[in-house]
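Visitor: For reference, the chains in residue letters:
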Amino acid sequence: MMWFAAFLLGLAALAFAFRFAGQVATGRAPYFRDMTFGVAYGYLLAAAALIWLVWAYVQGRSPDPLVANKFFFLRVAIEGFIFFTIAAWLFRILGRNVGTKQTKRLFRSMPLTAAFGVMIILVYIFVAVFAGVLAPYGQAEIIRGVPANIMPGGNVAMGGNPDFPLGTDQIGRDILSRLIYGAQNTVGIAFATTVIAFLLGGTLGFLAATFGGWLDQVLSRMVDVLMAIPSLIFALLLMTIASVWAPRLGIPQTYFMILIIAVIDSTRVYRLARAVGQNIVVMDYIEAAKLRGEGLGYLMFKEILPNATAPLLAEFGLRFCFVFLTIASLSFLGVGIQPPLADWGTMVRDLGGFVNFAQFAPMTATPPLLAAGAIALLAVAVNFVVDWALHRSSGLKD
Amino acid sequence: MGNVLTIILQRLALGFLTLLIVSVVIFVAVNLLPGDFAQSILGQGATPESVAAIRRDLGLDQPLVTRYFNWLGGALQGDFGSSFAQASFANFTGSASGSGSVAQQIAPRFANTMFLAAVTAAIAVPFAVFLGVLAALYRNSIFDRATNFFTLSSISSPEFFLAYILILFLAVLNPILPSVSNIYNGMPLGERLEKSLLPALTLTLVVTAHMMRMTRAAIINLLASPYIEMARLKGVSPMRVIVRHALPNALAPIINVIAINLAYLITGVVVVEVVFVYPGIGQLFVDSVKFRDIPVVQACCLIFAAAYILLNLTADIMSILSNPRLRHPK
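Quick note, the sequences are listed as chains A and B, same order. The working numbering applies: residue 1 is where the first sequence begins, and numbers increase by one. The working numbering applies: residue 1001 is where the second sequence begins, and numbers increase by one.
Here chain B stands alone, though its shape is the one from the complex (with noise of 0.2 Å):
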């Protein structure tokens, strides 16, 4: 077990290095920018006396590495700064303090964006590996060939092209679900699902389709092994075959493409949540890309890379833990 607990915790540590670097990355980036925030809050009625003072209450009049380490210092407290959109007209003309900060605008849309994430892959995971093991059971057949043809296209299509099919056929033709997708604190979880579902199916449109494709390359994979020929001769019905023998050690792999995909999910819905007006963290990032709202962009890419790279993590050890020549060393 200790030479797991050692791998584990190599991911683990390189996993916060990157995270740290990343942080570095995004820091830089942002403060490439030209001229500064100041300027840009004070607009036309900028004195070099105003100018200075807000430079100062932001702390925009010290180092970058200084800067750096203060942000990531609030970052992890979940302080992200004030946002400047709402900096210009709350906190500078005194009418409200701290109604303008980063957290509190992301906090809900990250958890409608967790919600989001989560109905679909209640969705989409069962469906996927369902129907990758009933591709596999019945490769080269029609169905194969079929569903071989539906995932290509999904996945090689545009989510907003999907979305709008879907809101075409469900919302328009048919009004069976709402095509705006507008949700708010204290909704009943009934209408919430009903609301986020078609963003929800979506996505599902998208992951669904990678990771059956793996799912089956997996177990096909396996299925030219030595023990599932044996267990073929001595008279396993095929679905037991793919079922007991080969899924228990496609797992590791299924689990991974899993996890990857969740990843995507949580950086994938920037555009459903776009084109479904969807309350989300994805939604804020694109609208502070257009209003230039530094503060808010520099956490949402934070967040993002954070999950996106949790899950990668999580992936990698959950194949470690999966594979037992490396639970038990010889």
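The following block holds chain A by itself, in its conformation from the complex (with noise of 0.2 Å):
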């Protein structure tokens, strides 16, 4: 700590002395001239951080196995995230140069994010689309001849087994291929769940903006009931009567979840829907309609949906990653997509605990953290994308 307060003050002084000598330097050039010292300190903290990031860098690529197995996930950040940047930056001049005429000219004002972003989104649909071929054994299968718990990284000495990179788990199941399924499943019902809840609480908003009267009272009374209560907690309450009902019925649970996290976030789909319905509704084009004598399903799909397309998409996007998050939550938390389903969020709860042995075998913690990271960096992808289209929707420049 005491370390810590002297290298702050240091900085302090440092960052004096870089604005003194880039004035000096430049002959008093504006810039320097009316920097701020916390700029000058900015810039030097900045430096610090950047520095410490080749420093710890070296340390991890380190001959000696302690202090390399320290650094060792630091290490595989900064690579991943090199990785990913040149990734994304050739991705976007692909997009740039293949295609039809409105996607490249999509491509040449996207951001390096939002690049990023939808080159992730199309490698997950693809390993959801194949897992089965690429997966080299199946999800729920337990190998024969194979012990559990054989370690992650392939080493033999270590305990691992170079036919299973990631290790087995507990009962002896492909890790590897347990968490490519996990897009199937994961992904998969996360949108599917979404789809519903959009079909559900889109039809009813445009019911309700077009009706109005009666019947948007009662469905937004129960809508801001619906609402009141924290959906997680929620979610949870519902998950807990459900999982005494499913074997009752013989419906699976996971059919359950889906149609309670639908219902529970089809409340927030329906304000958006309603609100851009109210504003549609009132214009001349719909009075025009209904002039003509069009019914309601006219109205509401050829009239309505088309001119409330753009914010219903952006809102697609943020209500997948909310459904997908929460998803990934109730599994983690034991009541969400349940077993033999192979489950990112089921396999950070039941591998959690190995990230203690981090310190002396590094691989050993790879399991949990790919699992909780797949999860994190879709819903990191779609975040960028529909940030960026909703910048462009909103036209802001500022």
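Because the hints were derived from the structure by calculation, they are not lab data. Just so we're clear, the structure is a prediction, and the values are computed from it rather than from any experiment. Each residue gets a CB set at the ideal place from its N, CA and C atoms; glycine is no exception. It cannot be assumed that every hint is accurate.
[Claimed, not checked] Pulled from the structure, derived: some chain B residues nowhere near chain A, Cβ distances all over 12 Å:
hint : residue
1    : LEU1005
2    : ALA1052
3    : ALA1121
4    : PRO1175
5    : SER1179
6    : GLU1191
7    : ARG1192
8    : ALA1306
9    : SER1322
10   : ARG1325
[Unchecked claim] Listed next, the stretches of chain A that the computed footprint assigns to chain B, with coverage defined by at least 3 CB atoms under 8 Å from CB atoms of chain B:
hint : region
11   : 83-91
12   : 202-212
[Stated by the list, open to error] Quick partial rundown of chain B residues pointing at chain A, CB under 7 Å, derived from the structure:
hint : residue
13   : PHE1016
14   : SER1141
15   : PRO1158
16   : PHE1161
17   : TYR1164
18   : ILE1167
19   : VAL1289
20   : VAL1297
21   : CYS1301
22   : LEU1310
23   : THR1314
24   : MET1318
Using the supplied hints, reconstruct the complex from the two chains, each of which is provided in its own coordinate frame.
Guide: Okay, structure coming up:
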């Protein structure tokens, strides 16, 4: 603590010197002359952080295994960051040169973060669709003649097996295969839930906007009450009830979960759809369509829906993220997607304890971190794309 | 002033009405459970007589509406009934009376959760507002982009991912903080702080990101207004423009965001408490969900909902109070 304070103070002195040196060297150029002390300090802080990162990376490559183990994760994180940046950059160049005119134009104005998001989403879709081909074993397959709890890393001396690069779990299933199938299950279920939530919330929201009156009042008050209960808590409560009903009715608990989360999330969609719909309903072209004698279905799907696509699409991305994280949290707490389906949240819960062995054998800690990281990566990617889409549609330049 | 008072009273009344309806929803939802508690307590050794006796003891033989009002009346006096998990081996063997009451189970854990939320808020709120002001001041610079990148990443990561990352770096690789928060009653404050620092840091990461982005957006939103332009033209320094001119007017949305995030804190602790085995109300809730200890689930749910509604209500009222146009009507 003392050292840290001394370091910060020393940096303050250095910042002063840095600014002064800059002023002298550039002959009081406006940039250095008007630089506030805070900015100079910020530059030096950033420089110190960069130097520390480089130092940590070198440590991670050190021949002494004890030191290398300690900085293993930092090294992987730095390498991953650089790899993804380069991949996103190449992907954007690819997008600018391949494809139709529209996609090319889209890629031209795309920031690197959004390109990264699009790339990651495409990769996840690919893995989810071809999980059965990519995974070496089945998701629930207990492999014969192979012990449980093989160490990840494939290093025989450490108790690994090169056939199972991420090892096997507590009952002898291949973790890599389960990770790959997780893309299918976790992402697929989250996607289905979001679609149901949108069908439900969107339809009811547009109905409330078109009809108004008592229907609007009843629906809106119901939604108010449902939104007053924190969503994760409500989902947990309802899942308790579903877990009792599911075996009696013979319906898998996962279906209940999809329905419960879809209903809880549709309230948020309803709010947006109703607000957007109300703005559209008062337009003259709706009046014209009504006078033409068009039916309710035509009004909702041919007149309102096309004009509400942009905000609803951005909301779809955000909702998907939210649903995805809720499902992952529920699974992590043990009431979400049920075994034998492979799922990332459940994997983190089952393998999480291995993080404590990271000091001696860093590879043992990778499976839970990979599963949790897979969840985080997709959520981050979707958020980056949505952020960009919102920025574009709002026309903000600042 | 009368105008504001009516608005606030209206909001308060609406809040209590919502809470009442929410309690009905929770009660009805729980009573959708098939079978009954008496049977689940007794398990296989249930005879019709003993089932009937326990049902009478717990008041399960009365109609739904009566039970609801009994429960609500009890809850208002702080009596949430008796826990089934404890009841099965304490109350009905006659060894200890009242040891299994839900209120007794919840009270210390509720205090623990509030402590965690308070520690988190004490770190997160100043940090977030400071970062938000800085990001607004140096918008579109490298600093702004980097914070945008990191906050967006930490908002979209699941809490348990951040928790495990922090455990990995701060508890396992560099043993600075304990990774398990085993807190007990009567622990000295310093030790207690140290043990709950890691869960608090995890929550801080999630909450700060959100608050910081909203602070930045609120301030930038104001920077386009004419009076800011005026302040800039008369030569006020950029920092002063933001702190003296923009921040007071951005206070309403910022307070709103802080209150909403505190509401999130009280409910979002569930996952974090489970990761760190922190003995708070969230962990109790998850455990009761697993054991189907219905009275505890019901009570926790009601407490969470009440906290959530109360904080949202506070946000509402604070934003009314911080609006001078409402405080001094023409």
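Visitor: All the hints need checking, so say for each whether the structure fits it.
Guide: Taking the hints in turn, this is what the structure says about them:
{"no.": "1", "hint": "LEU1005", "result": "holds, 23 Å"}
{"no.": "2", "hint": "ALA1052", "result": "holds, 22 Å"}
{"no.": "3", "hint": "ALA1121", "result": "holds, 17 Å"}
{"no.": "4", "hint": "PRO1175", "result": "violated, 8 Å"}
{"no.": "5", "hint": "SER1179", "result": "violated, 7 Å"}
{"no.": "6", "hint": "GLU1191", "result": "holds, 17 Å"}
{"no.": "7", "hint": "ARG1192", "result": "holds, 19 Å"}
{"no.": "8", "hint": "ALA1306", "result": "violated, 10 Å"}
{"no.": "9", "hint": "SER1322", "result": "holds, 23 Å"}
{"no.": "10", "hint": "ARG1325", "result": "holds, 24 Å"}
{"no.": "11", "hint": "83-91", "result": "violated (count 0)"}
{"no.": "12", "hint": "202-212", "result": "violated (count 0)"}
{"no.": "13", "hint": "PHE1016", "result": "violated, 11 Å"}
{"no.": "14", "hint": "SER1141", "result": "violated, 9 Å"}
{"no.": "15", "hint": "PRO1158", "result": "holds, 5 Å"}
{"no.": "16", "hint": "PHE1161", "result": "holds, 4 Å"}
{"no.": "17", "hint": "TYR1164", "result": "holds, 5 Å"}
{"no.": "18", "hint": "ILE1167", "result": "holds, 6 Å"}
{"no.": "19", "hint": "VAL1289", "result": "holds, 5 Å"}
{"no.": "20", "hint": "VAL1297", "result": "holds, 6 Å"}
{"no.": "21", "hint": "CYS1301", "result": "holds, 5 Å"}
{"no.": "22", "hint": "LEU1310", "result": "violated, 11 Å"}
{"no.": "23", "hint": "THR1314", "result": "violated, 14 Å"}
{"no.": "24", "hint": "MET1318", "result": "violated, 18 Å"}
The earlier numbered hints that this structure contradicts are 4, 5, 8, 11, 12, 13, 14, 22, 23 and 24.
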